[in-house]
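**Student:** Chains as they are written, first to last, in full-length UniProt numbering: chain A, 1 to 483; chain B, 1 to 483; chain C, 1 to 483; chain D, 1 to 483.
Keep in mind that a hint or two might mislead.
Claimed, not checked - Simulated pairs of lysine-lysine, PhoX-like, Cα-Cα distance not exceeding 25 Å: (1) C/Lys327 x D/Lys322; (2) D/Lys322 x C/Lys473; (3) A/Lys48 x B/Lys476.
Hints are computed from structural coordinates only; laboratory data are not their basis. It should be emphasised that the depicted structure is a prediction, and the values quoted were computed from it without experimental measurement.
Protein chains: 4
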Amino acid sequence: MPLKTPEEYIESLRKMNMEVYLFGERVKDPVDHPIIRPSLNSVAMTYKLAQDPLYEDLMTAVSNLTGEKINRFTHLHQSEEDLVKKVKMQRLLGQKTAACFQRCVGMDAINAVYSTTYEIDKKYGTEYFKRFVEFLKYVQTNDLVVDGAMTDTKGDRSLPPSKQADPDLFLHVVEKRQDGIIVRGAKAHQTGIVNSHEVLVMPTQTMREEDKDYAVCFAIPTDTPGIKIIYGRQSCDTRKLEEGTLDRGNPEFGGHEALVIFDNVFVPNERIFMLGEYDFSGKLVERFAGYHRQSYGGCKVGVGDVLIGAAALIADYNGTSKASHIKDKLIEMVHLNETLYACGIACSSEGHPTEAGNYEIDMLLANVCKQNVTRFPYEIARLAEDIAGGIFVTMPSEKDLKNPELGKYIEKYLKGVSNVPTINRMKILRLIENLTLGTGAVGYRTESLHGAGSPQAQRIMISRQANLEMKKKLAKDIVKIED
Amino acid sequence: MPLKTPEEYIESLRKMNMEVYLFGERVKDPVDHPIIRPSLNSVAMTYKLAQDPLYEDLMTAVSNLTGEKINRFTHLHQSEEDLVKKVKMQRLLGQKTAACFQRCVGMDAINAVYSTTYEIDKKYGTEYFKRFVEFLKYVQTNDLVVDGAMTDTKGDRSLPPSKQADPDLFLHVVEKRQDGIIVRGAKAHQTGIVNSHEVLVMPTQTMREEDKDYAVCFAIPTDTPGIKIIYGRQSCDTRKLEEGTLDRGNPEFGGHEALVIFDNVFVPNERIFMLGEYDFSGKLVERFAGYHRQSYGGCKVGVGDVLIGAAALIADYNGTSKASHIKDKLIEMVHLNETLYACGIACSSEGHPTEAGNYEIDMLLANVCKQNVTRFPYEIARLAEDIAGGIFVTMPSEKDLKNPELGKYIEKYLKGVSNVPTINRMKILRLIENLTLGTGAVGYRTESLHGAGSPQAQRIMISRQANLEMKKKLAKDIVKIED
Amino acid sequence: MPLKTPEEYIESLRKMNMEVYLFGERVKDPVDHPIIRPSLNSVAMTYKLAQDPLYEDLMTAVSNLTGEKINRFTHLHQSEEDLVKKVKMQRLLGQKTAACFQRCVGMDAINAVYSTTYEIDKKYGTEYFKRFVEFLKYVQTNDLVVDGAMTDTKGDRSLPPSKQADPDLFLHVVEKRQDGIIVRGAKAHQTGIVNSHEVLVMPTQTMREEDKDYAVCFAIPTDTPGIKIIYGRQSCDTRKLEEGTLDRGNPEFGGHEALVIFDNVFVPNERIFMLGEYDFSGKLVERFAGYHRQSYGGCKVGVGDVLIGAAALIADYNGTSKASHIKDKLIEMVHLNETLYACGIACSSEGHPTEAGNYEIDMLLANVCKQNVTRFPYEIARLAEDIAGGIFVTMPSEKDLKNPELGKYIEKYLKGVSNVPTINRMKILRLIENLTLGTGAVGYRTESLHGAGSPQAQRIMISRQANLEMKKKLAKDIVKIED
Amino acid sequence: MPLKTPEEYIESLRKMNMEVYLFGERVKDPVDHPIIRPSLNSVAMTYKLAQDPLYEDLMTAVSNLTGEKINRFTHLHQSEEDLVKKVKMQRLLGQKTAACFQRCVGMDAINAVYSTTYEIDKKYGTEYFKRFVEFLKYVQTNDLVVDGAMTDTKGDRSLPPSKQADPDLFLHVVEKRQDGIIVRGAKAHQTGIVNSHEVLVMPTQTMREEDKDYAVCFAIPTDTPGIKIIYGRQSCDTRKLEEGTLDRGNPEFGGHEALVIFDNVFVPNERIFMLGEYDFSGKLVERFAGYHRQSYGGCKVGVGDVLIGAAALIADYNGTSKASHIKDKLIEMVHLNETLYACGIACSSEGHPTEAGNYEIDMLLANVCKQNVTRFPYEIARLAEDIAGGIFVTMPSEKDLKNPELGKYIEKYLKGVSNVPTINRMKILRLIENLTLGTGAVGYRTESLHGAGSPQAQRIMISRQANLEMKKKLAKDIVKIED
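The following block holds chain A by itself, in its conformation from the complex:
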């Protein structure tokens, strides 16, 4: 049966031979590296909850390709209900990890490539769709994690791929062989790649004929020769190397991004899903981004739930939970968080089928969803910091607490209300630090801003979907202007 246990998942990764670098050195066993492991734990949670009957309905689905019960993260959405369940699954996982669990990019990429290859084939008589279905069956049957890789490093943003001083600043085909292609370039910000079995590479933007060689889509194992993964630094990352877990804030879970170099990497023909059909690159980007903008209406809301819970707890521990301004700030946090959720739900329940048969979100509402995600988590974080009090950034270290002499002072003086142990107060303060300034903030704040496209990308999509001409007509009708 296709559902792996978390243990099987971890074991399967351990067997891979990825070329991962961190702090200037090759990482021998990424699975056990203390900085990487928390991110693996987050992905493992997507396997764990799928085993739990309590969450079966959200975490699993029946494959339209194989008829088997599969992890929803490998599923092609078959209805609006599937789209809604996706968002609810993401909120659940955000709640359980307070981190980025990384597996969404693959799910979103799969759904976008599925419908787009169908349409390319229809226009050009190619066979990308068939190839992709085969790939996807393999993913579903083996319950794999797929990294959806879109963002190129881009160099000078005012120039298109083919006009860059260095042609490799966007990933492109450098050689075509009988059996496949050689590609070169890099993808930035690759979420969860070290915890992924496969990487599904897509072009990064709308392209024109002169950028044809950059219009390429394919999937290969993450340990394919020539793929070099340079792990990204996060705020407070090295706290995970310290003794103890208090100062980490989130002791068990995390996320990661990496810079992934494709240094003349070979891709066999059966894994190529687009090769030069530049007129479909924009569509593919728009779809992947659309699905991923929907995702943020789930995952970030789940993390927001944890942060709201932490803020409510610290108010209890500080003895301030009855102050009207504290209550009001908690209400505002909930209000903003649920507004994001409403957008995630609405773009799903208003979904529609593609020609290929899988379901797509409402594009306008998905972009509206993400646009709000670029704003509200920042305000939620600010309110959490407000409720916490300044101590979450001035608190002594866990080592101070564990020092026999100093520890007494810290126990005594960092006490809040008398019936709560000081250590509990410190744990919650560190969690708030984690989500507002630390490793968690990378996911909760900055990724909310830039993940699935920076704010301006959504504004452009909103503009395109706004149907201003129809709205002008409404206004003309009201005042009886006839053209």
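Fit chains B, C and D to the known structure of chain A by using the hints.
**Tutor:** Structure of chains B, C and D alone, referenced to chain A:
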């Protein structure tokens, strides 16, 4: 067949004998009064579109009581889909009228009273539900407009009904007879009452035993003796008395609210749906408010569409539509408007059945929806004013334009781009004035703020629905605090 | 002595023969027209307070031209202290009128033209400065009101003056004579022109050589033949024609704007202050706008004080003043209002002398001031509406209140706390309506947005003044980047 | 002469014997500890710039006590101009360090204690003022750094000092001797204490008679026996222990806060400035907070300048600086930053003398200033993150860059525009990370929120200073309500 034509609707109102006052005088025929008529036109649109096959799916439904096709405004929601269609119907009507079309309060009251009377009967063995179903069949079969009347005048807001200096400041039972009751009091801000056949009166807040006489719910015709309707003034209301329609902004449509006095009014037993069951007053208020907060995620979005269209048009007419800041402001308007819509849709698609069988919105999301409605239309209006330029508040009158000599100057100097007639530019400017400062602003701005409950009412509901204890548990789990 | 009494001022206006049109008809005596009069009352307040020893320090100054005590509105600022006093005087007048008192445009124009003519003369050897000083002595000695007229009607905003389909869409010189010039065009949004003795016309934007004929500055009496003033409509303007003063909201004061046509108007040489020196048009605009953007940090703050007071009063009258959310909203209103004031003060206290010797504000901070004014009054207004409750837009008319039978009901049911007469509650509600939707809202909201230039105009100025290169250098120094 | 060089300052600190703990261990020489040193560098900058003739006017002043030229940080403000110069000095130092330079708390404490001891003496005939003047002469003559210590650890925030489960949760007098007193307790968030010669302890809030023992104010050297300083952790603090400086973001400067334990510390009589005069504790707190809220209108603006500069640079490096949305975001950042500055300037230029003769800021405007500081830096930071692109949180480490093989890939793929070295781009990205998530964010974000009192503290002060009664009177006058 139950669907009235607009003409039949107007005729039916003309036959009533309501006691309506305006500017200190009794209005003889409200249907034809120039200040009232635009609000009637808006309600008539709910009849007109129901006749149109194009809108049949949104505007009509099959009654679960009679099996007949009825106007959706008289319908008990039978599914999440019904709840979603309600919101879409409201957006449509907002687009077609750029005004408050008034019929939602009745629809929302009907759905709230239906499920609540069911539950009262279950607890107390009363027969309110049966009575209410009979009333509702009558409404559906005759395609009537029902005014849902909740808000009391309230006097000193820091005191409960029974502690007010004047006991009538909340509507209450003053006498119980064999065949019915006598009530006294007033309901404020009654939307569309002059265009309604029936008024469905509900208590205004949670009550305690001492306020028992105030826990009363009933429906009676709006021309029942003792009901006195004092029409409320709106900003710019008398422009509707002036010659010409230009300065009205919205030449055809409008909305209205009135202060409704119940001066010892008799209610027959068969029309009483609650009488002293004070423990259900809170539930009833919450439900009506919940449905009505959902409504605002539809109707105000439709009006917003018109305002966005007007702003886009005036940019065209001013020659500014290519300026990047103008485009960005239009995007922001769309973004905010669609966020409201997303909330309206989400609280609907996440609905659930009540014990009585009709469907109820998700309460948390409905309150979140309305809370956003208390903010975003204000910003949308501000942006529309920004794009319009100051001329929409300094422009000469229609009479100036029609003056042969002055008119030439106005034609000449208020010209925008050369291919658009000055009169069209003026029409759109007056429409923007209407929606931001004039009669339309009463509906688009202030009603967005206070309708269905003032902002703080939603915050209280959000607080109750926030489930902070669950969220605290999530945070504790992440940092491994055990209680 | 140069200080006129309010009576003398009104008398002096009555002697003029302005060509004023309102609702398509020539107004015989503007001074006594009920729609115009409230705006006159506001200007008269600038005379009245100047007579009051209590306000002497703010309201008057010693002229650097004549050595006499003059009204500060005719003064050339001689120090940073003068600039600060200007702002305080404006706040005071906003508090006393809750309206636009109109006399600032002249003061700001005078100060801008003074320094600019000095600089033109220096470059071109012209004698504009001398002429202007003579004009100004006349204004100071006779305590006149001057309308500063800048904004052209502009036609297609994407085109410069000389490229418009109709060359008159910007005011320009159509003939040069021995003794003067003939001008044609129109100025829009002319604040207070009907209450002004003189109009000081300035170009509306930076110009190039081809727009030379549009680079013209002059002053003439407002009743000069060929000047036609078409009075602008305001929201709720005709309430001033109704019996009673309750429904006006602000019973005594108001403001006005008008469209002013210059139909081949003759300007004698001694009143010409710029004629073709297009390279100074940008400087003059920037200066006038700068002074006027400072002004808004005073006048709107004063009006804001009244609105905050009204909100606090209505909370008292409603019995809600002890609710924590009400208190918090009042704090927010004060906070926003004082932020505007702080900007008004800061751009003044950071002022500096011009070459001509009068003082100029800090340009960056003045633009920052106005940019905030385009936002905060809207939020202050929204909060006032929130605190008021919906009744301020649904309340019956004064005529209803005065009707013997209806009046009883209104008295009874619109009562708030028991010790405050209903009429007082109604007066405050109408004042809030006035400032958020009515005639006062034109000044408090829309004029805050567009007066002294629309929001984007300030952003352009902020951009120019931002000194980003210096800031980049700071960042480079911190990270030790050497160029 | 009283002005120390930076070297003399550092030497003077090295001679002290403070008991400093970090990561559970006593720090032998704090001056040279790599985590602490950047914060020392920031303080040293206050000495360095005072030596520079270019900044003499801002950085130094003539003492009213000694007649000598002193560092402005030890000065009693003698005029509004002094208050303004203080703010400008702070902006300058923020620009030069992009960090908290820590010396303001002492300056603000000195000015607050000066006027308050004067008033205590006047009421009670004590001699605190004389003592304080002696202390201050010592500080000025020796150019010392003084830590102003106010915030107690507070335990259960819903209880006053004397009701806490542990009486030491607020610092208090535990013994009175002939020659002095013994105090016990702790002060949290002590900014710069490790870089300070003296600590000036003040009570933390308004107190009542039962809290008399907590109403104590005194100054002692920071190495007085019994004072234990536990250094606070900051986000990314240990990056300062790593090789290289790139990943620090700000290679040279920083700030710090610490938890300071007073474990039965002796204070000699001549250093006691309040002892039980609980009725003055509120006044002292209000004054210190007021001065410190003013400070934030300078220092944070300076840091904001650096962040704006960094954002403008990264736009250049990314090739996006011509995009209209980027330009608009930079304008918004400048606008918000200058609004803070305007508030800092205005509360200064509107200052007034105390009874003791030094100058105090305008309390309302100082609180308004700080309230804005609790909001705008968060938005400025969000906009900087937006402009930067996600790479600032996913970028490889300096060690990766320095690895010969990996370095080539990073150089190649993290290149922006072709004429800027990759390393420069990385430096600016790390600076943005530092100020939005790293050590700098502690100062720029969280300290902006909680320093000088959390947001609600300012709201309470704004409420007290709002003079709502006067504003109600204004509204009554407008509508002619007579009481």
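**Student:** Work down the list of hints and note, for each, if the structure agrees.
**Tutor:** A quick look at each hint next to the structure:
| no. | hint | result |
| --- | --- | --- |
| 1 | C/Lys327 x D/Lys322 | violated (45 Å) |
| 2 | D/Lys322 x C/Lys473 | holds (19 Å) |
| 3 | A/Lys48 x B/Lys476 | holds (20 Å) |
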